[in-house]
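Following the hints, position chain Y against chain B.
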Amino acid sequence: MRRTLARRLLATLATATLAVGVTAGCGDDGDSSADAEGKIINVLSGTNAGFVPNFNPFSQNSVAGTMSVLYESLLYFNAARADDVQPQLATGYEFADDGRRLNLTIREGVKWTDGKPFSAEDVAFTFNLIRDNPKLNQNGLPIVEAVATDPTHVSVTFSQGVYTRLNLIAGRTWIVPKHIWSTIADPSAFTNEKPVGTGAFMLASFSQQNYVFERNPNYWETGKPKIKGMRFQQFASADSAIAALAAGQLDWAGSFIADIEKQYVSKDPKHNKYINESQLYLTNLIPNLDRAPFDSAAVRKAISLALDRDQIIRLAFSGYGKEASPAQLPRPLWDDYIKPEHKDRKLEFDPARAEQTLQADGWAKGADGIYAKAGRRLSFTVKVVQGYNDYISALQIMTQSLKSVGIEMKTQEVSFTAFSTDQQTGDFEMIITNLYSEGTAYSWYSRAFSSKRTAPLGQQAGSNYGRFRNAAVDAALLAMENTPPDQRDAIREQLFKIQDVIVEELPYIPLQQSASLIEYRTENLGNFPTEENHYALTTPYNGPDMGIVAKNLTPAG
Amino acid sequence: MATIETQRDVTGEVVPGVVVPTRRPRWRGLLRSRKLAAGLAIVGFFALVAVLGPLLVDDPNQVSDDRLLAPSAEHLLGTTTTGQDVFRQLVAATRGSMLVGLVVGLLATVVSVLVGVLGGYAGGHTDESLSLVSNVFLVLPGLPLVVLITDYVQTRGALAIALIVSFTAWAGSARVLRAQTLSLRSRDYVDAARVSGEPGWRIVTFEILPNLLPLIAAQFVFAVIGGILTEAALAFLGLGGAGSWGTMLYFAQNSQALSQGAWWWFVPPGLCIALVGAGLALINFSLDELINPRLRVPRRPRRTGPA
Chain B
1 MRRTLARRLL ATLATATLAV GVTAGCGDDG DSSADAEGKI INVLSGTNAG
51 FVPNFNPFSQ NSVAGTMSVL YESLLYFNAA RADDVQPQLA TGYEFADDGR
101 RLNLTIREGV KWTDGKPFSA EDVAFTFNLI RDNPKLNQNG LPIVEAVATD
151 PTHVSVTFSQ GVYTRLNLIA GRTWIVPKHI WSTIADPSAF TNEKPVGTGA
201 FMLASFSQQN YVFERNPNYW ETGKPKIKGM RFQQFASADS AIAALAAGQL
251 DWAGSFIADI EKQYVSKDPK HNKYINESQL YLTNLIPNLD RAPFDSAAVR
301 KAISLALDRD QIIRLAFSGY GKEASPAQLP RPLWDDYIKP EHKDRKLEFD
351 PARAEQTLQA DGWAKGADGI YAKAGRRLSF TVKVVQGYND YISALQIMTQ
401 SLKSVGIEMK TQEVSFTAFS TDQQTGDFEM IITNLYSEGT AYSWYSRAFS
451 SKRTAPLGQQ AGSNYGRFRN AAVDAALLAM ENTPPDQRDA IREQLFKIQD
501 VIVEELPYIP LQQSASLIEY RTENLGNFPT EENHYALTTP YNGPDMGIVA
551 KNLTPAG
Chain Y
1 MATIETQRDV TGEVVPGVVV PTRRPRWRGL LRSRKLAAGL AIVGFFALVA
51 VLGPLLVDDP NQVSDDRLLA PSAEHLLGTT TTGQDVFRQL VAATRGSMLV
101 GLVVGLLATV VSVLVGVLGG YAGGHTDESL SLVSNVFLVL PGLPLVVLIT
151 DYVQTRGALA IALIVSFTAW AGSARVLRAQ TLSLRSRDYV DAARVSGEPG
201 WRIVTFEILP NLLPLIAAQF VFAVIGGILT EAALAFLGLG GAGSWGTMLY
251 FAQNSQALSQ GAWWWFVPPG LCIALVGAGL ALINFSLDEL INPRLRVPRR
301 PRRTGPA
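Line by line, the protein sequences give chains B and Y.
Per our numbering, the very first residue in the first sequence carries number 1; after that it's consecutive.
Per our numbering, the very first residue in the second sequence carries number 1; after that it's consecutive.
Okay, chain B solo, but in the shape it has when bound:
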């Protein structure tokens, strides 16, 4: 298994997004021909230790497809296009009471897959279930109470304003049937082996080697889904998964392939397609701003200027990573929310200016060729998780570039456990890690730069590990928390203020937008998302997007 996938898996455990690694070899039992009824498509998914039946949509360990293919959310927030929100089980929403109350209009005519009718009661039940079982409340929603006022209306109250969390409340809360879940004693331990949802597909069979979803004939969205079903497979190693892809045995996969043109596309150029979903993660060097010398912006800028990001991406990240914006928002997804003057700014590579920047800050080159100031050499150690070989390669490249401008970088490989602890408590000089969001431009900045999400050295920081604190950024974040999500210009204005600060201060040193390769075959299937028609993120992982893609796929031809 490629460590990037493993890393994403670990990184995203904190949120509801659950990416899935590549996996284990299983036989193929044919069914690759399209027929009038559509086709059961083959999807690469699962774990390399055999599938374990778990269809609990509140569990981190549920198998791929549980979230969004079997169980649905109220709204769908397209992770590939900003401001693209589609109604699902809810047809409308409005905020009241300064964002402490959310009134939802629930869709009529929806049935659970066991034939029972779905209603606002189920929605209210789900929110109250989450409130009563903190283990299910992975997004930490401050729910006070949910009440079904009539069969198509639900009112959910919160203990604080939730304007910035609409995508978690309505987009990542999976609605479960009251008539089943109200009888479950411990919903967090429930493995739900006979799942009953509202989704476009339902479970047909399950084994350790593969499991099959078949079309839900009573699905509420007329005419969908068009394909007959999905078979989730696993492979023993990345190599065997790639072999299966190259042999045309898989229709949809999210597998890292080192040289995708040669190893995959060239085997069948007409049908073997892929898309690089590089808007999910930003790879950053995160300096500890509470420690010298990184309290100096000049040092951070000098390091940034000395890095040849093209070379880093080309050599260490197989050429798939994309240029990162100094505004620290993935592009082009958030282009509308980046201040025009920052949008086309690049992180320059200029070793000469790196040295000038240091000299202007009072550093002087010592006899060993390394800059020093007040007796302190410009030398620091980057912590990286053991075995993350692309990061380790990237650090080797950076070490060389930095050395040539008089900065000494060392690498310390630590275990994942140690890394997690150290980044939280601030026991590092610098780390290399991915930043990600909870689906909004606000949360990119809130996670990384909010002083509420950091802590003094030695104490656990929530997600602002670099310990950045800035009054203007905090004020802008607070203003956004008090702005309804439809007031986009007001939100934009606050985001621009944050960008002015971070572009100037460069608190972290962005390296790239990380790649997520998604392979799909068009021999039997049509209507996968493309760069032009990005109606959902193409990732076949356990999250909001997979179900949207699955129900929109069509038999080809």
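Hint data in this document are derived by calculation from the structure and do not stem from the laboratory.
In this text, all values refer to a predicted model and were calculated from it rather than measured experimentally.
There's no promise every hint is true.
Here are a few chain B residues that sit away from chain Y, every Cβ distance over 12 Å (derived from the structure) [stated by the list, open to error]:
| # | residue |
| --- | --- |
| 1 | Glu-121 |
| 2 | Asp-336 |
| 3 | Arg-447 |
| 4 | Ala-475 |
| 5 | Tyr-535 |
A partial selection of chain B residues facing chain Y, derived with a Cβ cut-off under 10 Å [unchecked claim]:
| # | residue |
| --- | --- |
| 6 | Pro-117 |
| 7 | Phe-256 |
| 8 | Asp-259 |
| 9 | Gln-263 |
| 10 | Val-265 |
| 11 | Ser-266 |
| 12 | Ser-318 |
| 13 | Tyr-320 |
| 14 | Pro-332 |
| 15 | Ser-393 |
| 16 | Ala-394 |
| 17 | Ile-397 |
| 18 | Phe-416 |
Computed, partial: chain B to chain Y, Cβ under 7 Å [claimed, not checked]:
| # | residue |
| --- | --- |
| 19 | Asp-239 |
| 20 | Ile-242 |
| 21 | Ala-258 |
| 22 | Gln-396 |
| 23 | Ser-415 |
A virtual CB, placed ideally from N, CA and C, is assigned to each residue, including glycine.
This is chain Y only, laid out in the frame that chain B set:
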């Protein structure tokens, strides 16, 4: 030529169960073993590379845009996906692997001698408790345990890895040494020494240990092989830290060297592991023959020619 002496030696002056207090003639047989010569040559070569190699090649981490090139005059063993020279990496990795093997060999041997010989000689409660400990270590699933410990150790260098691997590597040897000590300590000459008032430490050091020496040497070699292999396994799982052959295999695997056809990246480290393993095994075989005369194949005296 020592033919006659050796012959006599080989054909069974040494009978199992009979102690030969004078050890010199046994070692002489060893010197003529072809297995030993081959083993020593292989291991000696790698040891030499480990000591001197890194001083002679350039920085193994030097990246370049010469990505994934096949072996050529410029890059003797080709390059990796980051344009690093595989030959330089191989030389640097030799040091990591050999160092871990050596340290594991030394540590495991010291611990097993302490536990096995002391327990075996002292008997009673000391023996009971020491063999309980080694029995527990013996049934512990070695590799999974090492994987667990390794994941908890914050910073892993070659020495840390060696320590962890040694932790589970000594128990088997301790049992073997204890058994042999038990048999030795009831021999007449040991009893004689005891009756004549020699202190325990002296009996262990001068009467028992010398007779265990070939056995200890064999256990040492065995531990070195185990150390090198376990480290390679750990590194291949991404739990390395020594910069070893296993680390090279891990990077090759993660960069999909196999499906990209970059054999020059994973074949050399694999071959090195196999070669050193074979070399050490050859040494071990010849030591085994020395310890257990029944394994010895009498060599025809050269003078007599083919029969």
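Status of the hints after comparison with the structure:
No beta-carbon of chain Y comes within 12 Å of the beta-carbon of Glu-121(B); the shortest separation is about 46 Å. At roughly 36 Å, the least C-beta separation between Asp-336(B) and chain Y is larger than 12 Å, which holds for a residue marked as non-interface. Its beta-carbon lying about 26 Å from the closest one in chain Y, Arg-447(B) satisfies the requirement of being farther than 12 Å from that chain. Every Cβ of chain Y is farther than 12 Å from the Cβ of Ala-475(B); the closest lies at roughly 38 Å, confirming the non-interface assignment.
Residue-level check passed: Tyr-535(B) sits 31 Å from the nearest beta carbon of chain Y, beyond 12 Å. Evaluation of the Pro-117(B) hint against chain Y yields a violated restraint, the C-beta minimum of about 50 Å exceeding 10 Å. For Phe-256(B), the suggested interface contact is upheld, since its CB lies about 8 Å from the closest CB of chain Y, less than 10 Å. Of the supplied interface hints, the one on Asp-259(B) holds, with its beta-carbon coming within about 6 Å of a beta-carbon of chain Y, less than 10 Å.
Restraint check, Gln-263(B) versus chain Y: the minimum CB separation of about 6 Å is within 10 Å; hint holds. The beta carbon of Val-265(B) is not positioned within 10 Å of any beta carbon in chain Y (closest approach about 14 Å), and the interface hint is therefore violated. A cut of 10 Å between beta carbons decides the hint on Ser-266(B): the least distance to chain Y is about 13 Å, and the hint is violated. Contact between Ser-318(B) and chain Y, as hinted, is supported at the beta carbon level, the nearest pair being about 7 Å apart and thus within 10 Å.
Against a cut-off of 10 Å between C-beta atoms, the interface hint on Tyr-320(B) is violated, since the closest Cβ of chain Y lies about 12 Å away. Nearest Cβ of chain Y to the Cβ of Pro-332(B): about 28 Å, over the 10 Å cut. The hint is violated. Here the hint on Ser-393(B) is kept, as its CB sits about 5 Å from the closest CB of chain Y, short of 10 Å. For Ala-394(B), the interface hint holds, the least distance from its beta-carbon to any beta-carbon of chain Y being 9 Å, beneath 10 Å.
Interface hint status for Ile-397(B): upheld, as the beta-carbon distance to the closest one in chain Y is roughly 5 Å, under 10 Å. At about 7 Å, the closest approach between the beta carbon of Phe-416(B) and any beta carbon in chain Y falls short of 10 Å, and the interface hint on this residue holds. The criterion of a C-beta within 7 Å of any C-beta in chain Y is met by Asp-239(B), whose closest approach is roughly 5 Å, and the hint holds. Taken as an interface hint, Ile-242(B) checks out: its beta carbon lies about 5 Å from the nearest beta carbon of chain Y, inside 7 Å.
Here the hint on Ala-258(B) is kept, as its CB sits about 4 Å from the closest CB of chain Y, short of 7 Å. Of the supplied interface hints, the one on Gln-396(B) holds, with its beta-carbon coming within about 5 Å of a beta-carbon of chain Y, less than 7 Å. Given the 7 Å rule on beta carbons, the hint for Ser-415(B) holds: about 5 Å separates it from the nearest Cβ of chain Y.
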